[in-house]
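If you follow the hints, you should be able to join the two separate chains into one complex; please do so.
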Amino acid sequence: MILGNRKRRKIAENKSSRGNKYFKDSFEVEDLSELKESEEETVISVQNVTMKFRVATQNVSGIKEYFIQLLKRNITYREFNALDDVSFDVYKGEVVGIIGTNGSGKSTILKIVSGVLRPTDGTVKVDRKKVQLLTLGTGFDMELTGRENVYLNGAIIGYSREFLDAHYDEIVAFAELEDFMDEKVKNYSSGMVSRLGFAIATAGDAAEILILDEVLSVGDEFFRKKSLARVKEMIHGGSTVLLVSHSMPTIKENCSKVVWIEKGKLRMIGKPELVCKAYQQMRETPQTTSTKASEVS
Amino acid sequence: MEYGLKQYIFVIRELTSREIKRKYSRSVLGILWSVLQPLLFMFVMTAVFSGFTLNDISYPVYYLTGYTTWSMFSIATTTAMTAYEDNKLLFQKTKLPREVFVLSRDYTSLVNLGFSSIALLLVLIFFKVQIKWTVVVFFIDVIFELIFTIGISFLLATIYVFYKDIKFIWQNIIVMLVHMIAIFYPIERYPDSVREFTAHNPLFIYPDIARKSIINGTCEVDQLMAMFMWAIGALLIGLIIFKLAENSIIKKI
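Line order of the protein sequences matches chains A and B. Sequential numbering of the first sequence, starting at 246, is according to my numbering. Sequential numbering of the second sequence, starting at 212, is according to my numbering.
Only chain B is shown next, with the shape it has when bound in the complex (with noise of 0.2 Å):
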């Protein structure tokens, strides 16, 4: 048996498929959390941090377009990062190309991003954000973004068959991350120290690009050209890191 590129998309879809259904099959909402949980987050945040926003955007606003896209990076690596490990039994019976259980939990991430979209479009309608042509550059954004998470996520993967201890140094990266990629409030009340250093984080030009295509409608050359460097290079060095140690992998597993 051979695998095309039309069945490698079936395989993902139906491993994507299976991801989500178990996420959720315990629960009486099930999918409905996707768009519940931003919209409880955001009322939290914006309780606690809503002074903090400058004037012309509303707080809620601003939080959620970041936050929307800052998760879909850090659940996609989580879980993603795990994928090789949950997925044994397959990995060792079955010819499928290895890569496909880290991109299906790639996907199930978009899958997700797509269902929190909703409650992003729910907050926009209800805050009367006036929308222009460049939100046509958010969903440019967040294909970089996934594929920029693809390369970081096969990087962790790898690393996760030989040490497991990087899931906790991931968990600790990730809360570290959350909070100096101006997800709370903007860059600008940052210390001019951190600022500069938070400006070249990728994690937070992912998250900005959709915030000023949505919200202020503008976007910046110099910050697509790092939102484009940043995917390619993440891409390309997970791959390779993958494709040198995949011999390894299977016999460790």
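Only chain A is shown next, with the shape it has when bound in the complex (with noise of 0.2 Å):
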């Protein structure tokens, strides 16, 4: 069986290389096919990522300041750890969660994982070509009608034509927006125009991997249980999924692990109860985080 999946690889592979054409990864991606064949397989493995910023002291942001800066000697630089020698595995069929306070890195090692950073230090592998990368309304724009932007929209995603003129009326019934498509969405609720995002986003057939930025909170609460289902569904269709979320419900409901970053540090991988009760045990005390309890929820 095992053999089968690596046969399909180097096949979708081959397929992909000549695509890659036209899409550069700017940095090595590590091929998995040489991977060990082990019952668990490795899908993601981050090994001592480290993601360096460099962050001008001073803001300068022209030539003319630039000079004055640099002759008056005042251009420093402080290095801003946004990650720091994070290591995790991720395995065939998991759901991990990732959490942590805001700023800690959490969509920083989405971003490294599939593709759009590059790390300044350590290694991601994984296939990327099977990774997908769902955040909602990127690319909407407010300008244009409800139909324009699932067109827009899902061609940034990945869809052809033809798949989105197939799916279109599942989209928008998904959505339940079938009376507001030629609006324009500057017209529409915060809460439609994400129904219209998490539509678009799931439309297709799950990827192999899954990344979810922050996309299970979306809509009234008749919406989310709907989404969550979709969600599920695709976990169900055996697909990884690496999840970013505030709300420890849905943590603890749909992840067989969970990582914790806090301040680019990786503080706890384990099972999702005992990760997320320190967590919380965290923010209750008062003096690692100034959050006021009553922000607890």
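For the record, the hints were derived by calculation from the structure and aren't laboratory data. Don't take each hint at face value.
[What the hints assert, rightly or not] Simulated pairs of lysine-lysine, BS3-like, Cα-Cα distance not exceeding 25 Å:
id, chain 1, residue 1, chain 2, residue 2
1, B, K378, B, K234
2, B, K299, B, K232
3, B, K299, A, K297
4, B, K454, A, K297
5, B, K462, A, K510
6, B, K234, A, K429
7, A, K508, B, K462
Written out as structure tokens, the structure reads:
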């Protein structure tokens, strides 16, 4: 069975190498076909990943200013570690939740895994052709109508025109926006925008590796249930899922493993109950965080 | 998700149609402005400069041919410059090949040229200009001008990410250029000192080939060579610089 899988992957890779001409990954993607044959196949392997951003202490935004500051010897940079030596493995079929307070590097790790960012140090082994990053409404244009946005957003996500033509009604029905598709999106409520975004993003067949960035807290209660069911369907379809969410119940309910990243450092990996408990405890102790107790749910 | 060539073109077309819809979303006449604007300019310019043309060519035809080809370059480069900055979100959150943002702005400008050409066609018919086979050269000329424009666009877009001043510098260069490339009156009227320089300016060459092929029905091999060289050279330089800076652009944005 494993052999069959590898064969299929080989074919997929051959196919994609042609397409790759037009989408040059700016960094090397390590091939997963070399992988050791084990019961639990590693799908994503993050090894000692460090991401440094150089932040200029003075914000110089022009040539003139740059030279002035340079003459004054004022150009200094502050290194900022968004991620500091983070390692973890994700096995096939796992649903891994990533938690952490705001600005602790969750989105950065997602971007690195999906290939948008390149890490300063360390390696990420993942077959990027299989990765699908779901974010809501990226590329929505408020001046365009709902219909036009379905095509624009769909194109950006990677659907073909034929696919969008065939699934258009389905998308609209799922978003429950039948009467609003010729309306400009700027007249939508924020819930409607996210519903449409969710419907487009999940219209296709689930990729083998799904990365969900805060997509489960969308719309009203009813839509949330519906979207959760859709995501669960995708998970049961055999996808490996990496998901970021601020909602602890979502994490506890859906994940088989939780990774907790705090201020760029890996704090804990393990069973959802354990990690979530530790995370909540940290938030409740006043000396480590300034979060008010009332904000903790 | 991966992007094959077909998908790549589909994305560019979708982005382009967004640009056009956005640009005219609040106006009544919409895309018709792309036809009207060059015509309106033509009336003004004819009133002011018509005495400057050489006798055998009617000024509106001279002006409009040069102006439409020139404005493809000027519009494309000024809009493409901010392409990465304007699409920040897409840049950060999707795996789209980064080139599409610049290319879609350039393509938008080409579509715009298509509409302006309607105005040009009307004027050509009105003045009963005899069109010869050399009109084919005009289309080739536009293709190479587009390639040249793409190269310059990549260059400007890359610089813009790091130094926003380029926007203002470029605005001035555009104004200077438009007066240096014989759009308003023929190169024969230029002082000798400027003429030599202008003749070798690629931005004079592209409109000039267009004028010669449409109005005079002639084309010069030397100019066609220059057209080709400038386009390929600019494209290579633009792409190389963009590729070298790509990672820094992603980080900076």
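Here's how the hints hold up against the structure:
Using a Cα cut-off of 25 Å, the hinted pair K378(B) and K234(B) holds, with the two alpha carbons roughly 20 Å apart. At roughly 20 Å between alpha-carbon atoms, K299(B) and K232(B) fall within 25 Å of each other, so this suggested pair holds. Between K299(B) and K297(A) the CA atoms are separated by roughly 20 Å; this keeps the pair inside 25 Å, and the hint holds. A C-alpha spacing of about 21 Å is found between K454(B) and K297(A), which places the hinted pair at or below 25 Å, so the restraint holds.
The straight-line distance between the Cα atoms of K462(B) and K510(A) is roughly 20 Å, inside the 25 Å bound, and the hint therefore holds. Restraint check for K234(B) and K429(A): satisfied, since their Cα atoms lie roughly 15 Å apart, inside the 25 Å limit. As the CA atoms of K508(A) and K462(B) are separated by approximately 19 Å, the hinted pair is consistent with the 25 Å bound.
When held up to the earlier numbered hints, the structure conflicts with none and fits them all.
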